[in-house]
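Enquirer: Residues per chain are reported as follows:
Protein chains: 2
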Amino acid sequence: MKKKGLLLVISGPSGVGKGTICKEYLRTHDDCTLSVSATTRSPREGEIDGVNYFFLSHEEFRKRIDADGFLEHAVFCENYYGTPKDAVMEMIESGKDVILEIEVQGALQVRSHYPEAVFIFVLPPALCDLEERLRGRGTETEDVILSRLERAKAEFKYIEKYNYVLINDTVEEATNRLDAIVKAEHCLLCRNYKYIEKEFLNDK
Amino acid sequence: MKKKGLLLVISGPSGVGKGTICKEYLRTHDDCTLSVSATTRSPREGEIDGVNYFFLSHEEFRKRIDADGFLEHAVFCENYYGTPKDAVMEMIESGKDVILEIEVQGALQVRSHYPEAVFIFVLPPALCDLEERLRGRGTETEDVILSRLERAKAEFKYIEKYNYVLINDTVEEATNRLDAIVKAEHCLLCRNYKYIEKEFLNDK
Numbered sequence: 101m102k103k104k105g106l107l108l109v110i111s112g113p114s115g116v117g118k119g120t121i122c123k124e125y126l127r128t129h130d131d132c133t134l135s136v137s138a139t140t141r142s143p144r145e146g147e148i149d150g151v152n153y154f155f156l157s158h159e160e161f162r163k164r165i166d167a168d169g170f171l172e173h174a175v176f177c178e179n180y181y182g183t184p185k186d187a188v189m190e191m192i193e194s195g196k197d198v199i200l201e202i203e204v205q206g207a208l209q210v211r212s213h214y215p216e217a218v219f220i221f222v223l224p225p226a227l228c229d230l231e232e233r234l235r236g237r238g239t240e241t242e243d244v245i246l247s248r249l250e251r252a253k254a255e256f257k258y259i260e261k262y263n264y265v266l267i268n269d270t271v272e273e274a275t276n277r278l279d280a281i282v283k284a285e286h287c288l289l290c291r292n293y294k295y296i297e298k299e300f301l302n303d304k
Numbered sequence: 101m102k103k104k105g106l107l108l109v110i111s112g113p114s115g116v117g118k119g120t121i122c123k124e125y126l127r128t129h130d131d132c133t134l135s136v137s138a139t140t141r142s143p144r145e146g147e148i149d150g151v152n153y154f155f156l157s158h159e160e161f162r163k164r165i166d167a168d169g170f171l172e173h174a175v176f177c178e179n180y181y182g183t184p185k186d187a188v189m190e191m192i193e194s195g196k197d198v199i200l201e202i203e204v205q206g207a208l209q210v211r212s213h214y215p216e217a218v219f220i221f222v223l224p225p226a227l228c229d230l231e232e233r234l235r236g237r238g239t240e241t242e243d244v245i246l247s248r249l250e251r252a253k254a255e256f257k258y259i260e261k262y263n264y265v266l267i268n269d270t271v272e273e274a275t276n277r278l279d280a281i282v283k284a285e286h287c288l289l290c291r292n293y294k295y296i297e298k299e300f301l302n303d304k
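Residue numbers (our numbering), protein chains in the order written: chain A, 101 to 304; chain B, 101 to 304.
Just so you know, these hints were derived from the structure itself, not from any lab. If you're wondering where the values come from, they're calculated on a predicted model, not measured in any experiment. Please note: incorrect hints may appear among the correct ones.
Note: identical chains are not told apart, hence a pair may lie in one copy or across any two.
Think about it this way: if two alpha-carbon atoms lie no more than 16 Å apart in a straight line, the pair counts; the simulated EDC-like pairs of lysine to aspartate or glutamate are [said to hold, decoys possible]:
(1) Lys261 x Glu203
(2) Lys261 x Glu297
(3) Lys283 x Glu160
(4) Lys103 x Glu190
(5) Lys283 x Asp269
(6) Lys104 x Glu231
(7) Lys196 x Glu216
(8) Lys257 x Glu297
(9) Lys257 x Glu299
(10) Lys253 x Glu297
(11) Lys196 x Glu250
(12) Lys185 x Glu240
(13) Lys294 x Glu260
(14) Lys298 x Glu260
(15) Lys123 x Asp186
In isolation and in its complexed conformation, chain A is listed as follows (with noise of 0.2 Å):
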């Protein structure tokens, strides 16, 4: 009996690492694949249809939102953006597990769509040391520091929704974990439950 794959939805603040977790994770598992969103926004150079993103027009994209195609959407910058529903279920119902990495808004949009997906927020071991890494980066005035760490404990405040927490110790620790959480998803006994019906409560 095939196997469906799980969509696993990964969100976490900005600073805390999800991005690094989930390329390490990719670059190590076959058969997980991260969503390709959809946009309204123009193809940047280098950009491929399909791979980076599938690129809709504005027309295409609200026809899709009024047809319930997508999982979630928003709106940035005058463009859309959004998860197609289509694409991800076909993966999933393939056996592919499938990474979407998202912010908390979109993710529970995904939840109402898709209840049995799994739900994993990233955390820095502690508030203390998301600061520190915001810093870290060298990059950003102490105003955008400020702002993310804002963004970050509002962002907090939903974490409740997930199911999972997913330290951020080392990127290593973290993908292990991550590994394990995914195993473990696979054998729960409603994501079975279907083979174990038809082989073990059949009375042959």
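Mind docking chain B on chain A? Use the hints.
Expert: Relative to the frame of chain A, chain B by itself:
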């Protein structure tokens, strides 16, 4: 902040290999220990009180039942057997994970006393594998094998009370998956909420 350990309740039909998986897991995980049962039967040669069993008089055992001192208990061949609540809780509070290898009726009792335990049902890849394994031992009569298979089928009916299924394809794979389940459970939001609340949700 000291983290609590997990109570891992592991069931599965006779012959499925759950003992081997637990032994292998314990061998490689110092942070996990096997629960020690209490019993009213007499110690056999070489058995040590507090190591193999806690040996109790019938009177003492019944007193502890009345005081709600067991996570589960049962009578077998006119002797009581049970899992002392205090000993398990002490380990868990100290941060150690505790494995309780137990049949389904006992697991149901544990569930009502301590619902935050992790319930894991060990299964063979397919039903025919179980029969093969029971026959492969070469030590049981046909009658015993058939009655064990019937008992297994009766136990499967309780599988929906468990959180996870652990398919024992190979001991190594199954032990790895058990490791993943334990790691993932330690990442669950609900098991880390106190720390998160203190560190990230306090408006400092």
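Enquirer: Decide, hint by hint, whether the structure agrees.
Expert: How the hints compare with the structure:
For a Cα distance limit of 16 Å, the shortest separation of Lys261 from Glu203 inside one copy, 12 Å, qualifies, whereas the shortest one across copies, 34 Å, does not. Taking the closest pair of Cα atoms, Lys261 and Glu297 come within 16 Å of each other only across two copies (14 Å); inside a single copy the shortest separation is 30 Å, beyond that limit. In this assembly of identical chains, Lys283 and Glu160 lie within 16 Å of each other by CA distance neither inside one copy nor across copies; the values are 37 Å within and 44 Å between. Taking the shortest Cα distances, Lys103 and Glu190 sit within 16 Å of each other inside one copy (13 Å), while across copies they are farther apart (40 Å).
With identical chains, the CA atoms of Lys283 and Asp269 are at most 16 Å apart between copies only, with a shortest distance of 15 Å across copies and 21 Å within one. When the C-alpha separation of Lys104 and Glu231 is checked against a cutoff of 16 Å, the pair qualifies neither within a copy, at 39 Å, nor between copies, at 28 Å. In the homo-oligomer, the alpha carbons of Lys196 and Glu216 lie at most 16 Å apart inside one protomer (15 Å), although the nearest pairing across protomers, at 30 Å, exceeds that limit. For the identical chains of this complex, Lys257 and Glu297 are inter-copy neighbours only, at 10 Å across copies versus 39 Å inside a copy, given an alpha-carbon limit of 16 Å.
Proximity of Lys257 and Glu299 under a CA criterion of 16 Å is satisfied inter-copy only: 12 Å between copies versus 43 Å inside one chain copy. In the homo-oligomer, the alpha carbons of Lys253 and Glu297 lie at most 16 Å apart only across protomers (12 Å), although the nearest pairing inside one protomer, at 44 Å, exceeds that limit. Taking the closest pair of Cα atoms, Lys196 and Glu250 never come within 16 Å of each other, the shortest separation being 36 Å inside a single copy and 37 Å across copies. Within a single copy, Lys185 and Glu240 get their C-alpha atoms no closer than 35 Å, and across copies no closer than 54 Å, so neither meets the 16 Å cut-off.
Only between protomers do Lys294 and Glu260 lie at most 16 Å apart by alpha-carbon distance; the minimum there is 12 Å, versus 29 Å within a single protomer. In this assembly of identical chains, the alpha carbons of Lys298 and Glu260 lie at most 16 Å apart only when taken from different copies (14 Å versus 35 Å within one copy). Taking the shortest Cα distances, Lys123 and Asp186 never come within 16 Å of each other, neither inside one copy (23 Å) nor across copies (45 Å).
Comparing the model with each numbered hint stated earlier shows that hints 3, 6, 11, 12, 15 do not hold.
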